[in-house]
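Start counting the sequence shown at 3; every next residue gets the next number (the numbering used here).
Calculated from the structure, these hints are not laboratory results.
Values in this document were obtained by computation on a predicted structure and should not be read as measured data.
Possibly wrong hints are sitting among the right ones.
[Unchecked claim] Lysine to any residue pairs mimicking SDA-like chemistry, simulated, CA-CA at most 20 Å apart: (1) K56 to L72; (2) K157 to D145; (3) K157 to I181; (4) K10 to P71; (5) K10 to V74.
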Amino acid sequence: MYEAGLRKPGGMVAVIGLDEVSLAEVCGETDTRIANINCPGQLVISGAKENLTKAADLAKAKGAHRVVPLAVSGAFHTSLMQSAVDGLSEIIATLSFREPLIPIIANTTAQPITTAEPVKAELLRQLCNGVQWQRSVEFMINDGVSIFIEIGPGKVLSGLIRRINRDVKTLNIGDAEAIKNIV
């Protein structure tokens, strides 16, 4: 993905306070794409850097409260990442995937995947297509999930989940000590 970012430079911008329909209009006028639907009021767009500047200005003009350029090395979740698909596909082809023990919610569709082959396809698809985080979390909540565990440093995803639904519980595992505390 890093190499794809070098071949076709781009970036990402968080857009706060603009609805999805209005932002889709902005993207249509600026050759950018909605890359992440994170939570109510927080979307991320992706594209070539010069187009992102235009998109950020237009989003503000349409009522966005804030636009925040993200410190990333590429226009992730857009067609500008297409060159990364072949490399990842080669790597995935060398790996053995087991059937999931529980459904995996696909980033791009917010729908469950229950067998191994579609998991491989989704890993490739998410490189060039938007992440439906809000819809994924809503699907899981509607399916009965009430506790979310975020593994890794930081609490970004837990914060997004709480903005989607304050009634669910979130736990963070940022290091080995946190694992001991949860167990």
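The hints, checked one at a time:
1. K56 to L72: Judged against 20 Å, a Cα distance of about 15 Å means the pair holds.
2. K157 to D145: Distance ~23 Å between K157 and D145 Cα, so the pair is violated.
3. K157 to I181: Holds, at roughly 15 Å.
4. K10 to P71: 18 Å, holds
5. K10 to V74: 13 Å, holds
The structure fails to meet hint 2 from the earlier list, while all remaining hints are met.
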